[in-house]
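Trainee: Sequence:
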Amino acid sequence: MSIAKHTSYLFSITLLMLLSTSVYAIPPAITSQPVNRTVCQGASGIKFSVTATNATSYKWQVDNGGGGGFTDITNGGVYSFATTNVLTLNNIPVSMNNYTFRCIASGPDNPAATSDIATLTVNSSQSVLAESAGSTVICSGANATFSLTVNGTVTGYQWYGYTGSGYVPVTNTSYYSGATSSTLTLTNVTNTPKPYAAYYCVASGPCGSVKSATKYLTVNDRPSISAGPVSVIACNETKASFSVTAAGTGITYQWQESTNGGGTYNNLSNSSLYSGVNTSQLDISEVTTGM
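So the number in the numbering used here is just where the residue sits in the sequence shown, counting from 1, plus 7.
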């Protein structure tokens, strides 16, 4: 063999060795990182993924925040495809909120590549745990509150009131406060203007909304006397009457008399002398000088 041919042969072997070595000299590298995911409890088909070069195997790890750090994930239960570049989670419970994940990509040459950390946020569905009574009765000028306690992830509340033809959103006014909170407060309520007769609240969150039961409000007007009684001058053994004009909700009447010039008063009962003691007009059948 000539020197020129021998040199060419050695150069070819060396070049082949260099090319072969260069193929396996590049370790894996992550080119696309996993991203944070926010889901509702019970969600399925949720994926964390990476893209890597020079990788021949993958291993996903999880840190549940319990202090043990990252541990390898095995397929089963919530997890599938734990040894691929795409980890899939199904039927995710709310207990996995704030779990973190990462992927380790390995190849023929070291070192392995470790991805960035991605966080799983799991929002819980809403449910009403407790709420105020369905009916509230107050007197004019009094206060009233309606409230509910909601379990789950809540981002907002809105109370609605019934106008007589439908429900409209309640807004904060001199009557109302807390229209967009869990407790609606009505202050110094009267029937002029008349408040909404019924209410409900919608609590909303990233996983939907929940509605409270309907709350009913009755405002009773306080009794008020607009006229009478007036003094009467009557002759002995004649009839006499006293009357009042009153307004209010559920009014009842009780006439009283004083025998000591107004020092004390006692309830009257219907008798041969008095009638209408529980009405707006008291009738005296026969006035005497002792009265």
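Quick caveat, the hints were computed from the structure, so don't treat them as lab data.
In this text the structure is predicted, and so the values were computed from the model without any measurement.
Keep in mind that a hint or two might mislead.
As the list claims (entries may be wrong) - Label-pair distances were calculated between CB atoms; the ranges are:
#, residue 1, residue 2, range
1, Gly148, Pro236, 44 to 50 angstroms
2, Pro236, Thr295, 15 to 21 angstroms
3, Ser211, Ile232, 26 to 32 angstroms
4, Thr221, Ser39, 48 to 54 angstroms
Glycine residues also receive a C-beta, built at the ideal position from the N, C-alpha and C atoms.
Trainee: Does each hint hold? Answer for all of them.
Mentor: Do the hints match the structure? See the list:
1. Gly148 - Pro236: 44 to 50 angstroms: 26 angstroms, violated
2. Pro236 - Thr295: 15 to 21 angstroms: 19 angstroms, holds
3. Ser211 - Ile232: 26 to 32 angstroms: Given about 49 angstroms between the Cβ atoms, the range is violated.
4. Thr221 - Ser39: 48 to 54 angstroms: 51 angstroms, holds
The structure does not agree with the numbered hints 1, 3 stated previously, though it agrees with the rest.
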